[in-house]
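Undergrad: These are the residues of each chain, in order.
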Amino acid sequence: MPRNTKVPAVLARCACIAAAFAMLPAFAQTNPDFTPPHLKDGHPDLQGLWKLAASGPPPRAGTGIFAGMHYLPDALTERDALAKKPHEDFVGQCVTASVPGAASYPPYPSLIVQDGKFVVIMYEFAHDVRIVPVDGSPHPKSPTGLNGDSRGHWEGDTLVVDVTNFSAGRRWLNMGADYLDENSHVVERYSLAGPDTLAYEVTVEDPTVLSSPWNAWASFNRQPKTDQILEGACREGERDLDHYVSEGGK
Amino acid sequence: MHTRILILTLAALAIPSFGHHSFDAEYDGQKTVTLRGKVTKFEFINPHGWIYLEAADEAGKSGNWSAETANVSSLLRRGWRKDSLKPGTEVIIEGSRAKDGTNTVSVRSVRLPDGSKLFSGSTPDGAPVK
Amino acid sequence: MRHRTRLWLCTVSLLCTVAFSAEARSGKPFAAAHTPDGDPDLRGIWEVHGTANWGLEGHPSQDGVAASKSVVVDPVDGKIPYRPEMIAKRKAMNLADDPQAKCYMAGIPRVTYTPGPFQIFQSAGLVIIVYQNLHSYRYIPTTGAPQIDGADFWLGSSRGHWQHDTLVVDSVSFNDQTWFDRAANFHSAGLRVTERYALTGPSRMRYEATMEDPTVFAKPWTIRLTAERHNEPGFRLLEDECIRNSQGMLFHTVGAAK
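Read top to bottom, the protein sequences are chains D, E and V. Quick note on our numbering: the first sequence kicks off at 1 and runs consecutively. Quick note on our numbering: the second sequence kicks off at 1 and runs consecutively. Quick note on our numbering: the third sequence kicks off at 1 and runs consecutively.
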């Protein structure tokens, strides 16, 4: 299939994603018995330092949340070829784990902050950050980069984030070369399943890479108040191992 | 802009490899080794810390060893500090041996002179991060 | 229009012009609005224009960059007060070693005046600053939590508190790897920085940073800059990644030729 084929109709895409969410297991959805605390603006307070509940190393290809990726045959061949090209691995090179890759990157936590017109999601890995306007503004017209453009809105107590405008090319989601391209459309849903549990659901469509919508969900645990997001300098330590010395203590 | 950049094939060029490698590519999780020796240098950095030491393994093979740890954030949360391993500190390091046969290990744990242990890795028993 | 009305309008507009420029020049603290949590409202997208990143002590016009005077306001001679034994070290620095050229994080306060906008977010007890350059961000609680020590960070560990309408940020736990500008002004890991952010008008903010590092500088020194708010409709931070091109050269995706 030509790499640049676009989905013909936005409506078809929306219907597809809606149907995909309807099929998600009930336990991944918001707990109807739990009412989250609300901020002064009336929206639920999703703020906090969140760490993926799954333990273990960062996921390799086809594991963790990536287990639900079903590649088109040509795209699978591409994935396997990519895995042999570490020069194109923007995750391993500490550039970005992109969307939704960064959300799945144990053991690095992420920090959610809400300040009225924006939800800011900061990832410790490679100090990735996504600024998500929730003021109803539309996506821009052109591609915005490897993380695409995120726009959020509230559906009851769920934050729904729509991500499009990814730049052209194959972007790695993990160091195993799972990838997506500029035709991807990501819809995330964030909600509190309990006072210290964040439920995350994501559906990804990419008609030039995936044979069907990729649905995944993950659970995040709130980190103790004694913890905070830390600096995720990564590139810096890869090239210049001098000078970071503890000699005789400072 | 991004089209040009991202579809370039870089493999043809002799660009030095970089980016944090995977555990499985570099270390053998089945081959554990215990090193006893003295720290000469500790680099507390991302994406991996490095402990340099003059040590001997169980077979008595001594020399300069390099021991790779998890990233700063993981270690800080496990109680490591930049002065946890001052030069001259006597340590016992358990780790996985590098596949290339060099004196390199991936650290599971470090036992300090006072008997306490520092763990490196994503699971409590210090199993490999990746 | 009647003569008297015209005279009145001219007088009022003249007085208003004088009043606003006087306020801007004097840099008096502006009575900021407050966030829903009751803190002074510094939220928005800001940018420091000018060429401080090329040299804090001022520099002649060069390489297409306009000349600039020193932004060091203390000491009053505009010179960074190195200890005598550090002057030789400064002279021996190689300008080609600028860590920013390797796409390393800028350090404090350089991250503020590295070209590109930054965005301030606030929620209860917390200030977040996201910088377009390399998508760096700073986590600045205002709750009195202790600093992180025991590790050296590129952007340090920061803690904020409010002095009337001014945000004061104290930062420690730096590594010694960053420069203050392209002119190789440097510091040690013992650096401590105190920044002050204060609105001087609805779209202007005064930014001051005081550096203390007794092994490098004979006394603390302070820079002062102005940040302007971006009010253009739809203005936002753009994604900036640093990657290698086919020649192995690093470049920023922001500003790269389309």
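Hints in this document: simulated from the structure, not taken from any laboratory. There may be inaccurate statements among the hints.
[To be verified] Listed next, with one range per pair, are the computed distances between beta-carbon atoms:
1. E:Asp28 / D:Asp80: 21 to 27 angstroms
2. D:Gly42 / E:Gly88: 45 to 51 angstroms
3. D:His153 / V:His161: 33 to 39 angstroms
4. E:Lys117 / D:Gln228: 57 to 63 angstroms
5. D:Thr197 / V:Ile87: 19 to 25 angstroms
6. V:Gly248 / D:Ala81: 19 to 25 angstroms
7. D:His153 / V:Gly125: 23 to 29 angstroms
8. V:Gly234 / D:Gln228: 29 to 35 angstroms
9. V:Asp37 / D:His153: 20 to 26 angstroms
10. V:Gln163 / D:Asp80: 46 to 52 angstroms
11. V:Gly234 / D:Asp196: 34 to 40 angstroms
12. E:Ile92 / V:Pro146: 30 to 36 angstroms
13. D:Pro224 / V:Gly234: 56 to 62 angstroms
14. D:Pro195 / V:Gly144: 38 to 44 angstroms
Treat the numbers as computed from the prediction; the structure is a model and nothing was measured. Idealized CB from N, CA, C, for every residue including glycine.
Undergrad: Give a verdict on every hint.
TA: Taking the hints in turn, this is what the structure says about them:
{"no.": "1", "hint": "E:Asp28 / D:Asp80: 21 to 27 angstroms", "verdict": "holds, 24 angstroms"}
{"no.": "2", "hint": "D:Gly42 / E:Gly88: 45 to 51 angstroms", "verdict": "violated, 59 angstroms"}
{"no.": "3", "hint": "D:His153 / V:His161: 33 to 39 angstroms", "verdict": "holds, 34 angstroms"}
{"no.": "4", "hint": "E:Lys117 / D:Gln228: 57 to 63 angstroms", "verdict": "violated, 25 angstroms"}
{"no.": "5", "hint": "D:Thr197 / V:Ile87: 19 to 25 angstroms", "verdict": "violated, 57 angstroms"}
{"no.": "6", "hint": "V:Gly248 / D:Ala81: 19 to 25 angstroms", "verdict": "holds, 22 angstroms"}
{"no.": "7", "hint": "D:His153 / V:Gly125: 23 to 29 angstroms", "verdict": "holds, 26 angstroms"}
{"no.": "8", "hint": "V:Gly234 / D:Gln228: 29 to 35 angstroms", "verdict": "holds, 33 angstroms"}
{"no.": "9", "hint": "V:Asp37 / D:His153: 20 to 26 angstroms", "verdict": "holds, 23 angstroms"}
{"no.": "10", "hint": "V:Gln163 / D:Asp80: 46 to 52 angstroms", "verdict": "violated, 59 angstroms"}
{"no.": "11", "hint": "V:Gly234 / D:Asp196: 34 to 40 angstroms", "verdict": "holds, 37 angstroms"}
{"no.": "12", "hint": "E:Ile92 / V:Pro146: 30 to 36 angstroms", "verdict": "holds, 32 angstroms"}
{"no.": "13", "hint": "D:Pro224 / V:Gly234: 56 to 62 angstroms", "verdict": "violated, 39 angstroms"}
{"no.": "14", "hint": "D:Pro195 / V:Gly144: 38 to 44 angstroms", "verdict": "violated, 24 angstroms"}
Checked against the numbered hints given earlier, the structure breaks hints 2, 4, 5, 10, 13 and 14 and satisfies all the rest.
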